[in-house]
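Asker: Protein chains in written order, with numbering that gives the first Met the number 0: chain A, 0 to 424; chain B, 0 to 242.
Just so you know, these hints were derived from the structure itself, not from any lab.
Beta carbons: idealized from backbone N, C-alpha and C, even for Gly.
Some hints could be false.
As the list claims (entries may be wrong) - According to the in silico footprint, chain B covers these stretches of chain A (three or more CB under 8 Å from chain B):
1. 281 to 287
2. 393 to 400
Claimed, not checked - With a straight-line Cα cutoff of 20 Å, these simulated SDA-like cross-link-like pairs (lysine to any residue) come out:
3. B/Lys-81 <-> A/Asn-414
4. A/Lys-415 <-> B/Gly-73
5. A/Lys-184 <-> B/Lys-49
6. B/Lys-123 <-> A/Asp-174
7. A/Lys-120 <-> A/Leu-26
8. A/Lys-422 <-> B/Asp-14
9. A/Lys-188 <-> B/Arg-105
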Amino acid sequence: MKYRKLIKVLRWVIACAFLVSVITIGLYPWKNQSITLNINSDMGRKTVTFSASEINALESFTVTCPEGQKFIMREIWFSRQFKSISVAKIKSSDIEKYAYIDGDKIYFNDAMADRISELSKTFFVERIIYAEIALVIALGLWIFVSALAEKVMPENRGNHGLAAEIKKAVTNIADYREYMVYAAKADLKAEVANSYLNRLWWILEPFCNMLVYVIVFGHIMGRDIQNYPIFVFSALLMWNFFNRVIQYSVKCVRNNRDIVTKVYVPKYVLLISNMILSFIKLLFSFIVLAVMLMIFKTHIGIAVMWIIPAYLVMLVITFGIGMILLHYGVYVDDLSYAVGILLQMLMFLSGIFYDLHTSLPAPLSGLVLCVNPVAMFTDTMRSALLSNEIQNVPLIILWLLLAMFLSYIGIHIVNKNENGYVKVI
Amino acid sequence: MNRTTALTVEHVCIDYRDISHMSLAKSLKPGEVKKISNVRAVNDISFSVKKGEILGIVGRNGSGKTTLLRSIAGIFQPDEGKIELHGNRASLMAIGIGFNGNNTGRENILKSGMLLGCKLDYVKEYMEEIINFSELGDFIDRPVRTYSSGMYSKLSFSVTAILDTDIMLVDEVLSVGDEHFRKKSFKKMEELMRSDRTVLIVSHATNTLKEFCNKILWIHDGRFRMLDQTDTVLSEYDKSMQL
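One chain only, chain A, in its complex shape:
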């Protein structure tokens, strides 16, 4: 009994501490910030940092570029406290309003100085990120306390706490590894068994998707975004994966009624098997992407390795959200419709076919980037692949943690309730 009271108090403390820290972060009067100017060119990146005092006195200024005449500015983006997160971006067609190149110098006009001082005053994106850090800490503590509570309370006899649950999941996944891979391959084979074009569909589908976007939006966006087809296609691959797995997860248990009612299977085995299936399809599309990269002669640098963490975040977050939806999908009949609509909204808010930083107005673009994981990982992947830049480092770390927490919550909910699934479907 005394445990119950203690746990309740602990939960209140965590919730209050989180609220207080969010309010503090929201209202704290951070002083003017230093701004880093990142000039992307065909010859690489040039960065210039202005401290707060410099910005106050800033009027028109010049930047020396060593390559001289060959220097062609592709885009200019600004970063504030987190050097890898872009807070604003000037697209190539707008650069002439702010700067021109003469000899080996770039001349920036007053408009640029105004833009910099304006950016220096706000602290919006950073506030959101700090709030997210607070969220990660609070959520981590909350999970820990809840797991502790379930361990000490006598009515939860089956549960042996956080570590045991994770261990069980890991051993289960290892045990069913062979099945998951085999089932994914077999399902994939079954999917194409009676179509003429067979495996070609896995390549054709995203490719045609991409063509649609290029035809519809290419005219509007294409002028500002270099290599627009690759820009769309690379993001579309990630989106298709996310979209497919999430749609499937809602109906996962019902679709596998044959299995679930006849033999015990940890439910995440079914979800992971589908993720493997979708990932194999994605790998096929990678071939198309590689060909496109060669055709468009995109310069790929070492920073391209940064797409690996972006993909990792995508996998873990898909699993986490998928597990939670898998549980509710069993009980709620029309959840799949709602999820379908939400996914469509999410797609338009994730900048799959437009550039988040230039197409959305200033505070909104920062908000979307920080709050919407899909926007975050597609943006990170694209900047690594197409601009050879390592961006959004703090966001990747934060979302990786959040995604792991979500996955744990999903596994926990399903573990607790999976006994009832057979009785319901």
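Please arrange chain B on chain A, whose structure you already have, making use of the hints.
Answerer: Below, chain B alone, put in the same frame as chain A:
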């Protein structure tokens, strides 16, 4: 003969929660979700089975036989009480576990075998035996959706019959296939009986039960009614079934 116990079921109760289908709007109303009515499908049943014994379970429709079997198979945990398998592996012999109509018979054997908890190599080792037993011949490499229903049942029976599990739970699947296959599966069951395998059979066919079982458990409306020698229980059961 003092044989070790293979399975103990102690005071097992299983509830069905009646929240099957809910709309999104309903699930958001806090009052609605709590109106869960529990239906007790299995109520306080205890018994134990010795290794190598064959136990038949009888009872009218809806008396909780299948629910009990599923619970022993581990598909869901009982709400109260305990099921102890003493380190044995139990599997429900059911039609077409994880079968996908577009896959060939061979692929489905592998999938279903692995779902039963066997390793890939193990299933591959027994593949030929399963195919021979199922009498499907060349059909084994065709998609399962092209099978007749008899062939389908034959295949799925073969998978569970050949792949070794310590405790077999049989739920009305002995009447599959044509006359020839039925005889064959009966023979297989007899073979299993001799080979120290523990079997639990749910059936309405009293002839089948008479032939195989050492003991019969009679469940009525989820409650324990009788557990005794085959003839004793079956004669009582038949009496109660008379109009």
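Asker: In ascending order, which of the hints set out earlier in this document are inconsistent with the structure?
Answerer: Hints 1, 2 and 5 contradicted; others consistent.
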